[in-house]
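Chemist: Whenever a hint applies, use it, and build me the whole structure from the sequences.
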Amino acid sequence: MPETNVSSLTDEAAAKAVQRGDTAAFGTLMERYGQKMSRYARRFLFGYEDAEDQVQEVFLKAYANIRSFDPERKFSSWLYRIAHNEFINAIKKRGREPLSFLDPDTLLPHPVTKERTDAGALAGETRALLDRGLAKLDPKYREPLILFYDEEMDYKEIADILHIPVATVGVRLNRGRAALKKVVERKP
Amino acid sequence: MEQKPRENSLKARVLSAIEGGKVTMRPKWHFVLTTALAVSGAVFLSLALTYLASFVVFIMRQNGSWYVTCFGAQGLRAFLTALPWVLILVAVAILALLEVLVRRFSFSYRRPLLYSVLAILALVTLSSLLVARTSLHPKLMRHAEERQLPIGGKFYRGYGARDAEDVRPGFVVKMMDDGFEIDTYRGAHLPVLVTASTEFVPDDRLMVGNHVIVFGPMAEGRIHAFGVRVVPPPRHFERR
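Protein chains in written order, with the numbering used here: chain H, 1 to 188; chain E, 1 to 240.
Worth flagging that the hints you see were computed from the coordinates, not collected in a lab.
Treat the hints with care, since some could be wrong.
[As the list claims (entries may be wrong)] Within a straight-line C-alpha distance of at most 27 Å, the following computed BS3-like cross-link-like pairs (lysine-lysine) qualify:
1) H:K140 to H:K61
2) H:K92 to H:K140
3) H:K61 to E:K154
4) H:K61 to E:K11
5) E:K11 to H:K93
6) H:K16 to E:K11
7) H:K16 to E:K22
[Said to hold, decoys possible] Among chain E residues calculated to face chain H with C-beta under 8 Å, some are:
8) L10
9) P27
10) Y109
11) L113
12) L114
13) F200
Every residue gets a Cβ at the ideal spot worked out from N, C-alpha and C, and that includes glycine.
Modeler: Printed below as a string of C-alpha cells:
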C-alpha cells in the first residue's frame, strides 16, 4: 500500500486521513498545532499550573471526536473550538474567575466595527499592553484579544470559535482594549 | 528550540494514549444521532410551544378576554389578569430550552440572541394563530367535557372552566330599553345594563342573534356594561 506523504496534506485532508484511521496524520496535526495550542493555553489560562495538561486534553478530545469534523470546513476553527470549551471548563472548575451564563453582549445587535481598524502602531501598542495586563482581564475579553492578536484570526473565525455574533467580537475587542489600558495604568 | 522537547513530549503522550487504546474515536453514527436528537428536540419543542400558544389563544377567545383590549386601561387590565400566567411561564421555559438547542447551529449563534428569539416568536405566533383557527382545541375540549380525553382532559376542563373577571361572551337574545339580554355559553340568561358611558365596538347597532363580548361588573343581578363588542362566534363553536 503506497504511503501517503502526510506532511504535504492540508489540515483538512490530514484530518480526513485521521478519520480513516491514520494515526500518523494526527501526529502531523499535533506538530502543526501543538505550539499554537500551548501558547493559547498559557495566555488564556494565565496562572493555571495545569495549562499543558489542558492542551493534552484538547488533542485527546480532538482525536475522540475527529469523526464529527467536516473536512469542508476549516480544521483550525474546529480545533480551537474544542480548546475554547476545554479551557472554559478548566476556568469553571477552578472557580477563580467569574463566567456569566447569559452574556448581554450577545443578546442585542451591535454595529459591525471595521476589522483591523487598529493596524500598524495601534496593534503594536495593544500587543505590548497584552503582555503586561492580560492576566487581570475578564476571560470574556482576554480570549478574543488572544485570538485576534496572538493567533491572528479574523472576526469571523473568532465568532465561530466562541459561538458569538461577529459584531460582538468587535465589541469585545474594543472593550477588552479599553479594559487592558485601565488595568495597565492602574498597576504600580 | 526550548519548545521542541515539550512539544515532542506532548505528542508522544497523546499518541501513546491513542495507540494504547486509552482514547478511541467515537463512531460517525454517534454524531449523526446527536444532531438528529438536537433537531428532533428543537422540532418537538417548537410544536409544544405552538400548541401551548394556540391553547392560550383558544381559551382567551373562549372566555372573551381576547377581545377587551379595545376598552382602554380597564380592558387591558382585564386582558392581563385573564392571561394564564403559569402556561406563559412554561412557554418561556420551553423557549429558553429551544434557544439552547438552536444556539449550537451557526445560523443562530452568528446573530444576536434577540434575532433568533424574535424569529421563533414570529414563527410560533403565526402557526399558533393558524392552529387556533382549526377545530383541534374545540374538539379536544368537547372530548374533555365528555370525559373522553384520558390525557389532558383535566387540563382542558380546568382552563376551559375559567371565566375572565367581568368578561362575558354570549348571544343577544332580547333587546330592551335600557340594554339587552344575553345567553352565555353555559346557558345562563343575563341582563345587560347599557348607560351613556358604555362603549360599543364597532358601533351600537346591536341585534338579536349577535355574538357579543360584554365587559363590566355584575351588580344587582345585571351586568353594568363598560363595553360591548360584537365579534364573530368562535370557529367550530357549537351553541348548546
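Chemist: Confirm or reject each hint.
Modeler: Cross-check of the supplied hints:
no., hint, in the structure
1, H:K140 to H:K61, "holds (23 Å)"
2, H:K92 to H:K140, "holds (13 Å)"
3, H:K61 to E:K154, "violated (49 Å)"
4, H:K61 to E:K11, "holds (14 Å)"
5, E:K11 to H:K93, "holds (25 Å)"
6, H:K16 to E:K11, "holds (19 Å)"
7, H:K16 to E:K22, "holds (21 Å)"
8, L10, "holds (6 Å)"
9, P27, "holds (7 Å)"
10, Y109, "holds (4 Å)"
11, L113, "holds (5 Å)"
12, L114, "holds (5 Å)"
13, F200, "violated (43 Å)"
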